[in-house]
Amino acid sequence: MITDSVTTHNLARTLREHALRMVHAVNASHIGTCLSMADIIAVLYSGVLHLNPADPTLPDRDRLILSKGHGAAILYAALAETGFFPVDELNTYCRENSRLMGHISHHVPGVEVSTGSLGHGLSFGTGMALACKRDNSNWRVFVILSDGELDEGSNWEPILFAPHHQLDNLVAIVDYNKIQSFGTVEEVLSLEPLRAKWEAFGWEVREVDGHDHAALTESLSSIPFKTGKPSVLIAHTVKGKGVSYMENSLAWHYRSPNDELLTQALDELGCGE
Amino acid sequence: MRTRFIETLCRLAAQDERIWLVCGDLGYSVLEVFRDRFPNRYLNAGVAEQNMTTMAAGLAHSGKIVYTYSIANFPVMRCLEQIRNDVCYHNLPVKVVAVGGGLAYGTQGYSHHGVEDLAVTRVLPNMTVFAPGDPWEAECVTEAAANIPGPCYIRLGKAGEPNVHNCRPNFEIGKILTVKNGTDITLLSTGGMLVTALTCASLLEDKGISAQVLSSPSLQPFDIDSMHNIGMSTKHIATLEEHAEGGLATIVAEQIAFENLDIKLIPFRLQRNPTTVAGSQEHLRSLHSLSPERIVSRIYKWFPE
Ligand SMILES: [Mg+2]
Chain U
1 MITDSVTTHN
11 LARTLREHAL
21 RMVHAVNASH
31 IGTCLSMADI
41 IAVLYSGVLH
51 LNPADPTLPD
61 RDRLILSKGH
71 GAAILYAALA
81 ETGFFPVDEL
91 NTYCRENSRL
101 MGHISHHVPG
111 VEVSTGSLGH
121 GLSFGTGMAL
131 ACKRDNSNWR
141 VFVILSDGEL
151 DEGSNWEPIL
161 FAPHHQLDNL
171 VAIVDYNKIQ
181 SFGTVEEVLS
191 LEPLRAKWEA
201 FGWEVREVDG
211 HDHAALTESL
221 SSIPFKTGKP
231 SVLIAHTVKG
241 KGVSYMENSL
251 AWHYRSPNDE
261 LLTQALDELG
271 CGE
Chain H
1 MRTRFIETLC
11 RLAAQDERIW
21 LVCGDLGYSV
31 LEVFRDRFPN
41 RYLNAGVAEQ
51 NMTTMAAGLA
61 HSGKIVYTYS
71 IANFPVMRCL
81 EQIRNDVCYH
91 NLPVKVVAVG
101 GGLAYGTQGY
111 SHHGVEDLAV
121 TRVLPNMTVF
131 APGDPWEAEC
141 VTEAAANIPG
151 PCYIRLGKAG
161 EPNVHNCRPN
171 FEIGKILTVK
181 NGTDITLLST
191 GGMLVTALTC
201 ASLLEDKGIS
211 AQVLSSPSLQ
221 PFDIDSMHNI
231 GMSTKHIATL
241 EEHAEGGLAT
251 IVAEQIAFEN
261 LDIKLIPFRL
271 QRNPTTVAGS
281 QEHLRSLHSL
291 SPERIVSRIY
301 KWFPE
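Residue numbers (our numbering), protein chains in the order written: chain U, 1 to 273; chain H, 1 to 305.
Everything labelled a hint here was simulated from the structure, so no lab data went into it.
The beta-carbon is built from N, C-alpha and C at its ideal position, and this holds for glycine as well.
Incorrect hints may appear among the rest.
As the list claims (entries may be wrong) - From chain U, some residues computed to sit far from chain H (all C-beta separations above 10 Å):
#1 14
#2 24
#3 26
#4 52
#5 115
#6 128
#7 134
#8 181
#9 187
#10 196
#11 208
#12 212
#13 271
As the list claims (entries may be wrong) - Pairwise CB distance ranges (calculated):
#14 U:86 x H:126: 25 to 33 Å
#15 H:264 x U:86: 53 to 61 Å
#16 H:77 x U:138: 36 to 44 Å
#17 U:228 x H:18: 25 to 33 Å
#18 U:214 x H:18: 40 to 48 Å
#19 U:214 x H:30: 51 to 59 Å
#20 H:286 x U:27: 53 to 61 Å
#21 U:92 x H:147: 36 to 44 Å
#22 H:274 x U:181: 30 to 38 Å
#23 U:138 x H:147: 26 to 34 Å
#24 H:166 x U:226: 58 to 66 Å
#25 U:50 x H:39: 45 to 53 Å
#26 H:30 x U:27: 50 to 58 Å
Just chain U, same shape as in the assembly (with noise of 0.2 Å):
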C-alpha cells in the first residue's frame, strides 16, 4: 500500500514516468491509453483498492480487472510501486522473456485476469462479483473500459445483467478519452448519450472528470453509488493527458517516443532526473 506521505498526485506522476520509459525503451504501443488513465490507476492503487501485496490472492480483496488490457504498462507500473513485484522489473517490459507482456497478463503478481481482446472484462468482473454476492461476502470488483471497447456488443450482456441482479459490489469505470483506435469515438460509432443508456439499462451513474484526483476519491471511495445498483464511472478523459504533444491524438495510440520526445515529455509532467 501507499504510504499516506506519497500522494496521488506524486503517484500518478510516477507512472506516467514509468510508462513513458517503458514504452520508450521498447518502441511499444499504446502510451495514448496509458496517459490517459494514469490518474485513475493513481487513486486507486492510493488506497481505494483494498489489497495486499504482500498476499496478492487474499480471498476478500478487491477485484481491479483492466478489460482495456492494452493498458498494460501504467498498471505493471502502479503494481510494482505499490509492492507487487520489485519496480526494476518493470525495464522488461515487452522484452525476451519477460512475463510483463503488451496486454495486462495475469502471470503477473496483482494482476486478476488477462484481457487484450477487448468485451471481456465486464463479464468475468460480473461473475466474480455474483461470486461474492452468494457468498454473502464483502469485497468489490472494479473493471476498467474502454470507450472504443463499448463497441463490443458482448459488454450489453453484462451491462443488462449486474442490474437485474442487484450487483452493486460491481464498478465499470470508463475511460472515456473520445479516441478509439481508428478515430474518434464520433466518427467511428458514437456512444452518445453514454449516460443514460448506462441508467437505462440499471446503473448507477456519476460523471467526473478523469483526472481531477479529489473528485476521483471521492466518487470511488463511494461504492456503491446507490444500494442495490451497480456503479458506473464515466471518467472524462485526455488521451495521452499530460504530454503536450500526444494529448488528444490519434497517432500515439501507436507511436512512442524517441529520445528527444521522451525528455520533452518527462519535462513537461515535472520529472526530473
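Given the structure of chain U, go ahead and fit chain H with the ligand onto it with the hints provided.
What follows is chain H with the ligand alone, placed relative to chain U:
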C-alpha cells in the same frame, strides 16, 4: 444422456458446494431439478452465451466449479473466444456442456447441428474433451469433469440413448473402453455412434468378420496406448463419429502417423458440406453415409473373400 447428466450433477453438487450450474436460457424439463435443489448455485444467464461463459470464468476464478449448459453450438461456437481466452488461458474449472451434439437436432437445421465442436475444443490449451457414448459414460465424464482442476468440454447426446454398457464401465480420463472383443477389425466410436458401431459389428459377424468395438469418451487427452495395441492386433480401424473433419478420425490419423503405427484407417464421419434438408438424426446420418449398412459395405471391401 442429458437426464443422466443432471442426475449425476445433482449428486455431485450435494457433496461439493463449489459446484454451480449456469445455463443460457435452455434446459426446460431437464435443469429444474438442480435449480430447485440448489437455487443459490444455479443461474440462468439469459440468452447471452458470451456473458454466460465469461461470468462462469469469473465464478471459477472465485473458487466455484461451474458447468455451463446450452444446446449444440450455442455454448461453444458463439462464445469460442470467451472459452479460449477467459476459461482455457486462465485454466479455470469451467465445464462447457453442449447437449444434442452432432445431428441430434436433426430437423432444426444447420444452426443446431453441432458438427465441428470437437475439432475446435480439442486444440484449446488446458482443455479436456469428452464425448460420452451412452448414459453410463455420460455419468462417468460428468463426475470426472468435476475433479479436473481446469476446463472441460462435454458433448452430450440428447435424450433417450440406450445404455450400451450393462454396468458402470471402468472409466479413466483419456482411456478407451472396450465394449466388445473381436480379432479382424476395430470399430472405434466416439459419442452417440456407439450403438451404430455395435450394430455394424453384428452385421460384420454375419459375414464372418470379427469386429472389436471400442468407445472413446475422451478425445483430449487421447488414448495412444490403445492405438499401439490395435497396431499389434487387428491392424484395421474404422472410426465412427457424428462430426466433420478434425475429430476422431483426424486424431487417430495423427497418432498413426506420429507413432508410425501399422494400422489401416477408414474414417466414417460427416461430410464437410452442411446438411440442408430436414430429417431425423437417423435419416441425416444416412445422408452422410453413416448408416450401419453403408458403413459395413465399405468395410467389406477390406476383406475380399
Ligand atoms: Mg479511447
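Are all beta-carbon distances from residue 128 of chain U to chain H longer than 10 Å?
Given a closest Cβ separation of 4 Å, the condition is violated.
Confirm or reject: residue 26 of chain U is not an interface residue toward chain H, with every Cβ-Cβ distance exceeding 10 Å.
At about 23 Å from chain H, residue 26 of chain U clears the 10 Å cut-off, so the statement holds.
Looking only at beta-carbon atoms, does the pair residue 50 of chain U, residue 39 of chain H fall within the given range of 45 to 53 Å?
Given about 30 Å between the Cβ atoms, the range is violated.
10 Å Cβ clearance of residue 187 of chain U from chain H:
Check passes; 26 Å lies beyond 10 Å.
Evaluate the given range 26 to 34 Å for the C-beta pair formed by residue 138 of chain U and residue 147 of chain H.
holds, 31 Å
Distance restraint hint 50 to 58 Å, applied to the beta-carbon atoms of residue 30 of chain H and residue 27 of chain U
holds, 55 Å
Does the beta carbon distance between residue 274 of chain H and residue 181 of chain U stay inside 30 to 38 Å, or does it fall outside?
holds, 35 Å
Taking C-beta pairs only, is residue 115 of chain U more than 10 Å away from all of chain H?
The assertion about residue 115 of chain U is violated, with a minimum of 8 Å to chain H.
Can we confirm that no CB of chain H comes within 10 Å of the CB of residue 196 of chain U?
holds, 22 Å
Separation of residue 208 of chain U from chain H, once the least beta-carbon distance is taken, above 10 Å
holds, 26 Å
Do the Cβ positions of residue 214 of chain U and residue 18 of chain H conform to the proposed distance bound of 40 to 48 Å?
Holds: the Cβ-Cβ distance is about 42 Å, inside 40 to 48 Å.
A range of 25 to 33 Å was offered for this pair. Does it hold for the Cβ distance of residue 228 of chain U and residue 18 of chain H?
Between residue 228 of chain U and residue 18 of chain H, where Cβ atoms are some 27 Å apart, the hint holds.
Against the hints set out earlier in the document, violations occur for numbers 5, 6, 7 and 25.
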